[in-house]
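Asks: Listed below are the residues making up each chain.
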Amino acid sequence: MTAITDREKLAYVAARAADGRINIELETEGMTINLGPQHPATHGTLRIVARLDGEQIVSAEPICGYMHRGYEKLAEVRTYPQVTTLINRIDWLGSFANEVPFILAAEELMGIEAPPRAQWIRTILFELSRIANISLFLGDLGIQLGGLTVGFYAFRDREYVLNQIEAATGGRFHPNFDRIGGLKDDLPKGWIAETHKAMEKVRRFCDEVEDLLIGNEIFQTRTRGIGVIPGHVGLSYGLSGANIRASGVDWDLRRDSCPRGLVYDEVDWKVWTHPDGDSFARSWVRLQEVREASKIVDQLLDTIPGGPIMAKVPRIIKVPEGEAYVATENPLGEMGYYVVSKGDLVPFRVKIRSASFNNVSIIPWVARGLYVPDLVTVLASLYFILGDIDR
Amino acid sequence: MSQLASGAAVLAAFDPPYWLETAIKALVVAVLIPTTALILGIVFLFKVMSWMQSRLGPQEAGPRGLLQLLADGGKFLQKEDIIPASADRFVFKAAPFVVLASTFLTYVVIPASMNLVVEDLDVGIFYVFAVSSLSVIGVLMAGWASANKYSLVGGLRAAGQLIAYELPMILAVVGVVIQAGTLNLNGIVVAQNSGEILGWGGIGLPFILTQFIGFGIFLAAVQAELTQTPFDMPVAESEIVSGYQVEYSGFRFLTFFLGEFATAFAFAAIAAVLFLGGWAVPWLEADSDWYWVLGPVVLFAKIMLVSFLIFWLRFTYPRLREDQLQTFAWKFLIPLSLVNILATGVLKVVL
Amino acid sequence: MSSADTTEAPAGELERDDAREAVVERFRSELGDAVVGAHVRPGHAVWVRVDRGAWREAARFARDGLHCAFFDFLSAIDWLPSPFGRDMDSQEDRIAAGDTDGSPAEPTAIVAGAAGGDTRFQLLARVYAPTTGTAVILKADVPDDDLSIDSWVPVYAGANWHERETWEMFGIDFVGHPGLTHIYLPGQFEGHPLRKDFPLLARRVKPWPGIVDVEPMPGGAGEGEGGEE
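Chains as they are written, first to last, in the working numbering: chain X, 471 to 861; chain B, 941 to 1291; chain V, 1171 to 1399.
FYI, nobody ran anything at the bench for these hints, they're computed from the structure.
In this text, all values refer to a predicted model and were calculated from it rather than measured experimentally.
All C-beta atoms, glycine included, are put in the ideal place defined by N, C-alpha and C.
You may find that some hints are simply not true.
Which bits of chain B does chain X cover? Going by a derived footprint, with three or more residues having C-beta under 8 Å, they are [unchecked claim]:
#: 1; segment: 991–999
#: 2; segment: 1166–1173
#: 3; segment: 1258–1272
When you get a sec, could you build the whole thing from the sequences and use the hints?
Replies: Rendered as structure tokens:
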């Protein structure tokens, strides 16, 4: 993939400067518009108050909290398995992926490690939820930019993955399958073969999306050079996941600080980055991640060890005193749980570090000088889930 | 054949007084507009779109969902007529009808056969473009009178876009006019029918063969005139939620909706006439009596083909941003169409 | 790839984690007395507790000296044990512990966690260096009578929203923050929800129905005991 040339960058800057000059000459009062909270462009109840000058945004401020459910307070009165039920619903598209960091933090405090088979299956389900989540992102990109067809294809092909998750865990979106020490159940018969087939379909879908959307000239015109986030700015805002990898930062929690309990070091896989940092880069990196995830799942499926699915844990779980922070590379970015335990049945304090909270906090910085349609493109490419922002 | 000839003779002899003739013609057009909009809507918006998006589409209303649009129309008609409190009432009410009026006027010159045309104007094409520009005023009226920031933005976008794409559309057609030698639509059909490709008159000379650049530009410009993706910024659903139409509900929205599809039909008909040979089939002479029946059928088939292209583009491409759209029109389509005119003019003289 | 994962014995509690110890040393050498507590869990994490006045200084050192460019999160912990306990649920705790006395449990004193702590409120933040894999969890005590601390916004731009949330939930004021406004709660909300003395209203209003499902554990006392490993 080619990076933006210097000429193009210069042209973009020159165009902005020319616009600025004209804006000063024809000074008119700006208009304030509200994007949301009910709006097809924002993935949920996010409200963005934008002050416009003509079609250009002078300032944009996201207002979140319409979906704040108070998870951190709720977790303080729930036992650890009950908290798992709650946190399923933070990033509701990334089903299984929400539970994993919390369970791993509790396991770290207890000093338990899940048996290998459970670790394998955990990783497989983790990657499946990544595929499900990001497939929807790709479809949503199309919908936001006007190519509705891709959205329908995404929903159709996501169903295969969700069927697999449902077959294993019983739930498409809220599996509630992870347990401290392992998993709730073993895999059903025939699941491995079916999942291989589902991965084939996912790869075909990725090729379709590349043809239909990423390779489309209009899509490229709409996304190249839009919403450029330099690497160091992204890092200081806490941007994580594909967003920061698209700005050239080679950092993936699965490879760099993989917590005990997930088995990425047993698989041969690659981290995708892109130097540009614009909306196109973010979309492209995510597309490659879906492909990579399907390959990871294939490799893991071929090497699942036998054995028990759950370590020996007491029936009633009291986590010993201590604090632990475990973060994993969730589909949206880095999601982590800081668990403070006092030796009780319930956690003393759970701080949920959700990826979208930081991803959205960069919008005021990115939105300056963008056109309104570009803001939609940037929102679509930054990709957040309201449940993740608002917890 | 003789019955057809005698039938034609009877029809030719039928010479009603002027007011009756005009009334009949107006009635035909008035009935035609919703009918064509319905047909196009059902076929393309529901069935073809659903098929392309690998889903079924509406299935309940009528057999296989074919009466869905009638049901939708009925639903719109029985809705409450809501006008925003701070809206300019007269302009608000008038806007959809201005848009519809422009469509109505376009149908006046579309020929379904040599004599099956409401008014065979000598300035056919020129007239078509003149009246299609009226819709811009309707859109501006709708955007402004809605007293809503989103509609205003949408209306301004739409006006800019429609005006920008008028030029490529007209310039693309100039090549056809040069080749046909006449502005009259029936004359253009006859020219294609009786034309020859390098001496062979087998399929006539449908202008799409020589004016393929013009056809491409015309299609793109039609796409923009209809505010369809990839040029549907004014009604960008995921950004400003229907733009200038957002405050319209009930039968006023139905008017916009019908107007959009009827205009699509009209422009597809114009494209079929200008580039594909209109109501004539190459191996049958243009003054044959068969065309009383065959003409409309052939034209309809060609319209369906062009509409398929228009809607196919609509379902596939993402949308262009407003300034990219304008750049595309002014910096790409217009120079290209000027080159087309130059080439046509030169070749017409040389060949 | 984390450079801190040196010796990897399973459930290693005893071996030293040199890289993380070195991080603590660097903080001590840079900030001197401002480092009032530290804790290393080998192979996992390192905590450094600094004096309130050196909070921003510590951030600056982490960003520039340790190359921790990534701002992870910033929040707070309220170490007061909840006066409400788990309400109805605390009865389940005691049934599980084999104590069916029925008398209300006594409140316990404030005990802080990793790297110690002297006050009720403690700020918590984590930063990470993608280039080297170094991660530091920073803590700072905030005294009850003066709930304010320097803002991290000049150092890490992402701290803006996190500090707004911490102010909203705990009531801690951030000096130098561009604009502390509500981020999650409506504008007129009174109180600071994540404080332990702010009751979880749902549990006060309606008893948790799960209490009726708790049955004594089958088998002996071993099952009812805590989850020590």
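Asks: Can the segment 1166–1173 of chain B be counted as covered by chain X under the rule of three residues or more with Cβ-Cβ separation shorter than 8 Å?
Replies: holds (count 4)
Asks: Confirm or reject the coverage of the segment 991–999 of chain B by chain X under the rule of 3 or more residues with a beta carbon closer than 8 Å to the chain's beta carbons.
Replies: holds (count 4)
Asks: Three residues or more, CB to CB closer than 8 Å: is that satisfied between the segment 1258–1272 of chain B and chain X?
Replies: Coverage by chain X holds for the segment 1258–1272 of chain B (7 residues, Cβ < 8 Å).
Comparing the model with each earlier hint shows no violations; every hint is respected.
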